[in-house]
Amino acid sequence: MGAESGPARRQRWPARVYGTGAEPDYRFSLANERTFLAWLRTSMALVAGAVALDAFATGYPRPVVQAVAGALVALGGAGAVLAWARWSAGERAIRRGEPLPGFRAGAAACAVLVAVATTAAFLVLVR
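For the sequence shown, the residue numbers in the UniProt record's numbering are 1 to 127.
Note that these hints are calculated values from the structure, not bench results. Fair warning: there could be bad hints in the mix.
[Unchecked claim] Pair by pair, the computed Cβ-Cβ distance ranges are:
#: 1; residue 1: Ala111; residue 2: Pro63; range: 19 to 29 Å
#: 2; residue 1: Trp84; residue 2: Ala52; range: 51 to 61 Å
#: 3; residue 1: Val64; residue 2: Asp25; range: 43 to 53 Å
#: 4; residue 1: Trp84; residue 2: Val64; range: 29 to 39 Å
#: 5; residue 1: Leu125; residue 2: Arg16; range: 46 to 56 Å
All values derive from a computational prediction rather than experimental measurement. The C-beta atom is built at its ideal place from N, Cα and C for all residues, glycine as well.
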């Protein structure tokens, strides 16, 4: 709970996150980690949805199914990358006692997800 010192602090990875600022109250770090894991869980669900769509979407034009599945996989991958970036930026800010960073990519991610969901809904309704 106190500040780590010596070799124990240097061994934590990634050093660019843990090597800055002071050791924060663990509750804030754990909350940040829970958010990171929620993002990863959502990313995995998007990839799983793409696999399910590709495997079970019979009767739809194959190129459309592949495009939607590809978009879901891309969103899942982007979500995982954004999760890591948000976690590390948040952890650094917590350690430095700075305000948490804003989330500029949220609107773009939301717009892409709405486009994919609209396309998927169209596929369901057209059938």
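Okay, the hints, checked on the actual structure:
1. At roughly 23 Å, the beta carbons of alanine 111 and proline 63 sit within the given window of 19 to 29 Å.
2. The beta-carbon spacing between tryptophan 84 and alanine 52, approximately 25 Å, falls outside the hinted interval of 51 to 61 Å.
3. Taken as a hint, the range 43 to 53 Å holds for the pair valine 64 and aspartate 25, whose Cβ atoms sit roughly 50 Å apart.
4. For tryptophan 84 and valine 64, the Cβ-Cβ distance of about 31 Å falls inside the hinted range of 29 to 39 Å, so the restraint holds.
5. The supplied range of 46 to 56 Å is met by leucine 125 and arginine 16, whose beta-carbon atoms lie about 48 Å from each other.
The structure shown violates just one earlier hint, number 2.
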